[in-house]
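**Student:** Chain by chain, the residues:
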Amino acid sequence: MPTTLDLHAVLPEIILSGTLLAVLVVDLFLRDERKLWNSVIAMAGVLGSFWATLTLIGDHRATFNGMFVVDSFALLFKLMFLAVAALVILISANYLDEGVRSTQGEFYFLLLSSFLGMLLMASSRDFLMLFVALELVSAPGFLVAGFKKRDARSNEAAVKFFLFGVLSTAVMLFGMSLIYGVTKSTNLVAVGQALAHPAARSEPLIVASILFIVAGFGFKVSAVPFHFWAPDTYEGSPVPVAAFLSVASKAAGFAGLLQLMFVAFPHQSNVWAPGFAIMAVATMTLGNIVALAQTNIVRLLAYSSIAQAGYMLLPFAVVGGAGPAVMRQAFAASLTYILIYSFMNLGAFAVVIVVNRKRSSNLIADYDGLMSREPGLTTAMLFFLLSLAGIPPLAGFWAKFFVFSAAINGNAAWLAAVMVLNSVIGLYYYLSIGARMVLRPAEDQSRIGVPFALAAAIILLVIIVVAVGVFPDFFNHFSPRSTLVAL
Amino acid sequence: MIDGIDVLIMVIKVLVVFGFLLVSVLLTIWAERRIVALMQQRIGPNRVGPFGVLQGLADGIKLFFKEDVTPTNVDRSVYFLAPVAALLPAFLAFAVVPVGRGFHIGHRVITLHLVDLNVGILFFLAMGSLMVYGIVLAGWSSGSTYPLLGAVRSTAQMISYEIGMGLSVVSVVLWSGTLSTSGIVDAQSGTWFGFVPRWFIIPQLPALVMFLLGGLAETNRAPFDLPEAETELVGGYHTEYTGIKFAMFFLAEYLHVITTSALVVTLFLGGWRGPNILPFLGPLLFVGYFLAKLGLVIFLFMWARATIPRIRYDRLMHLGWKVLIPASLVWTMITAAMVVLPQEVNRTTLIVVVGIVFEVALIVWLARLTTTALRRGRLRRGDSHVV
Amino acid sequence: MILAATGPEIAFWGFAVVAGIAGFFVVGSRNVVHAALYLVGVLGSVGAIYIVLGAEFVGWVQILIYVGAIVVLLLFGIMLTKAPIGGVALDNNQRPVAFIVAATTFGGLTWIIWRTFGGTRIRLSPTRTAQIGNSLFTHFVLPFEAVSVLLLAALVGAIVLARRD
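Here the protein sequences line up with chains S, D and P, keeping their order.
The opening residue of the first sequence carries number 1 in the working numbering; numbering runs sequentially from there.
The opening residue of the second sequence carries number 1 in the working numbering; numbering runs sequentially from there.
The opening residue of the third sequence carries number 1 in the working numbering; numbering runs sequentially from there.
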């Protein structure tokens, strides 16, 4: 008989798969007015999966022939993905019910499929599994980006996302196949050991393959020069989808990138670290500078998330030929930034969804004088914007701080300086939105009215952002334990 | 090692199969017209040769000498490619069909199929899906609306039914345990109780029904021949073709029918197997069995054409997607259960469980019959007219 | 370099050259349907190469699925959107630059791959379908199941987007 399966290890995935099938089936029997129940089922499944993940804490399991590993790294990311999933369901429930009511069930199904892919990505330690998980994350994303069928912008968003996505995936797969040809294995740990051989360290084929693989994941995290799809896709797709893509999709890409660079290619760090340095600097700078010129809030948030991706890529750039201690710190810094960024960006998008209910144009001008119309909402938005800018005592400051200290310890002070400079530029546009909300008079004085689900999500996110800002040790505790860097 | 004699044998086999297929196409054309005519109480072709047998040949000669008109608006290269693309897969698909039992000449074993692929069924399905190209390219390259519409409809129909057909083949593959066509024929050897042959038509009857349905639709035969109906689309995809190119399409269609029938015989009717009652004929007896069974299935195709009215296009698609695919999926799962369960569960338990399931299904069905009858009875009692 | 050209090697090179030329014409052809047909040539040659290398199941599945279903669907879509007969150049007139970039990339990759794998010799042995089935359901069952969810998601999403409502 074949190998025994450790079903407890895959319990979160099993619960999530069951939920997505349940949503699909129940949706058949619901009338259009009752389709909001799909979100309840989806939420129940996500919470169940969350609970199942909690039961796995403290374990280190490997199953499916070493393709699927449950360790602290995987658990941390899974908990994050599931929390984000719950929040995304909360913030999209009303938008969908008022917008594309009849196809809500399929939307939740696609969303949950994508999250299933993310759970698998966090646990995969194998090229093949990483590729399949990446596809499972991306493909539903292509589809939900085009969900507003009658809107030409939504169609354009989906097509651009799709074409870029499949091209970069194809290139990445080519790189993976070349590595397989050299090392005769697809398991990340085995590849890492095979490539530790001095002869393999700077072989052109390995370098080219790493370049291809980074291209594939670079698209997913919208790093420059693979970022061209992001602004158009975020602007055209439904706003909850933009929130989902900017947070969850990006985090999934980083989960894969962290594993690849630190487990499979740590011995080639001399080669890829400088490349990442260039990529990080370009990403930060381009994101921040072009964001200055935006008039559409979603596009601005898109460029801002490109810049934030640059900050997350920075720790990759400091590990060139460094020892395990520096690598571990860089790994932890990137991981922490990803976690913190997800929540603050999600908060910002949640507020955008609220304002979108009244004015679907998503212009920054719509935010003028928001303080007089919805003071609570504006305060929350201010928290999120300041956190994104990196102002203490909010969570975003600590995220930047950890990256900063990793750069200093890794003898890359110039990178730290670039990061600080870019943060200043970022501060300008974040604060300008805040200023407009508070100081300018509102054109339309009516209240917007925040639905319960959105209000709950926003309050929760504000609490997280403030709490992490005040008690940063929370992340300091978990991230270093979740490192994948071998001794 | 392959030596010269093997190559010679292969060449002879290829020529024989090619000749056989061409002759059988001509015979099939004649047979169809004759049989459909007799079923419709008319006579059919009976002038050219005894009983009109040479009618197909006469048609072929006529088409060969007809003027070859090529419209100006066509895409030349694809226009000339399409008939070839239609004919090629139909010929190739016959390569894996075992026609008779192998025999010895000296120390050589001569097998009566062209190629014994380990994945013969897969090859056949691949050729089946390639048959779509002739139609799709013919329709598009003709540069006019009727062919395009006919081609699009025909293609949609063919790719829809490919799935149902493929799945019914999968269940046969599960049951026999091999993908090789000669392996499947060998799996049908022997008898139950001494006289009932172990052909798969008995344990896999639903698969046969689904395969025949799919086969009728794949070959664009009645009752699924809407894409070619003259009253609908003039000629469908071959409207703009004349002369020898038209003949090639005509040939391709009947060849497709013959190859599909050959596969039905191989998968479900035991291929060339049969009782060895006339041993002096040697291998020819089994070729004879194969031909007889082939003729039977081809007759089935013609009978369907003569009897059943044409199905409307949307009902056709409904049947393919919403009936055939779920049914074939369910049957595949049942087959898988039938294959695996005896290994896992002991025999008595199996028979008891199957019996219980069968009884429950029977009771449910009878109950539904009774309630609908009662409901109708109530209606009838309310009417003022009795009869 | 080809030292002793055995049958499989000649067959491989033959199909590889065909695939390369057909691939060039896929992007170089001016008519979309012709490009699709050249794509059939490429995919068919790749399928033939699989068979030469002993992977007969994968080879025939390649032809069954790629040539028999995917390109047909492609042609279908092209025809439903009324592909014109006659040349229509569907690019942005940067063919010379594109050609240079592509040729450089091709040359670079070829040199890199030859440098690493040039001296390797492989022993061809056919892969049995049973082996594939076995490994698919034991070794690789997790990616297999994940791919089935992916296909379901793609199916449902495509229906939602294409449905007329």
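Among these hints, one or two may not hold up.
To be verified - Derived BS3-like pairs (lysine-lysine); straight-line CA-CA distance at most 27 Å:
{"no.": "1", "chain 1": "S", "residue 1": "Lys160", "chain 2": "S", "residue 2": "Lys149"}
{"no.": "2", "chain 1": "S", "residue 1": "Lys358", "chain 2": "S", "residue 2": "Lys148"}
{"no.": "3", "chain 1": "S", "residue 1": "Lys148", "chain 2": "S", "residue 2": "Lys160"}
{"no.": "4", "chain 1": "S", "residue 1": "Lys358", "chain 2": "S", "residue 2": "Lys184"}
{"no.": "5", "chain 1": "D", "residue 1": "Lys66", "chain 2": "S", "residue 2": "Lys149"}
{"no.": "6", "chain 1": "P", "residue 1": "Lys82", "chain 2": "S", "residue 2": "Lys160"}
{"no.": "7", "chain 1": "P", "residue 1": "Lys82", "chain 2": "S", "residue 2": "Lys358"}
{"no.": "8", "chain 1": "S", "residue 1": "Lys184", "chain 2": "P", "residue 2": "Lys82"}
As the list claims (entries may be wrong) - Here are the simulated distance ranges between beta carbons:
{"no.": "9", "chain 1": "S", "residue 1": "Leu30", "chain 2": "P", "residue 2": "Phe25", "range": "47 to 53 Å"}
{"no.": "10", "chain 1": "P", "residue 1": "Ile132", "chain 2": "S", "residue 2": "Leu431", "range": "19 to 25 Å"}
{"no.": "11", "chain 1": "S", "residue 1": "Asn155", "chain 2": "D", "residue 2": "Leu362", "range": "32 to 38 Å"}
{"no.": "12", "chain 1": "P", "residue 1": "His139", "chain 2": "D", "residue 2": "Leu362", "range": "29 to 35 Å"}
{"no.": "13", "chain 1": "S", "residue 1": "Leu30", "chain 2": "D", "residue 2": "Thr191", "range": "44 to 50 Å"}
Rather than coming from a laboratory, the hints here were simulated on the basis of the structure.
Virtual Cβ for every residue (Gly too), placed ideally from N, Cα, C.
**Student:** Hints first: check each against the structure and report whether it holds.
**Tutor:** Okay, the hints, checked on the actual structure:
no., hint, verdict
1, Lys160(S) <-> Lys149(S), "15 Å, holds"
2, Lys358(S) <-> Lys148(S), "18 Å, holds"
3, Lys148(S) <-> Lys160(S), "15 Å, holds"
4, Lys358(S) <-> Lys184(S), "57 Å, violated"
5, Lys66(D) <-> Lys149(S), "52 Å, violated"
6, Lys82(P) <-> Lys160(S), "23 Å, holds"
7, Lys82(P) <-> Lys358(S), "41 Å, violated"
8, Lys184(S) <-> Lys82(P), "47 Å, violated"
9, Leu30(S) <-> Phe25(P): 47 to 53 Å, "51 Å, holds"
10, Ile132(P) <-> Leu431(S): 19 to 25 Å, "60 Å, violated"
11, Asn155(S) <-> Leu362(D): 32 to 38 Å, "53 Å, violated"
12, His139(P) <-> Leu362(D): 29 to 35 Å, "43 Å, violated"
13, Leu30(S) <-> Thr191(D): 44 to 50 Å, "55 Å, violated"
Violated hints, in rising order: 4, 5, 7, 8, 10, 11, 12, 13; the structure is consistent with all others.
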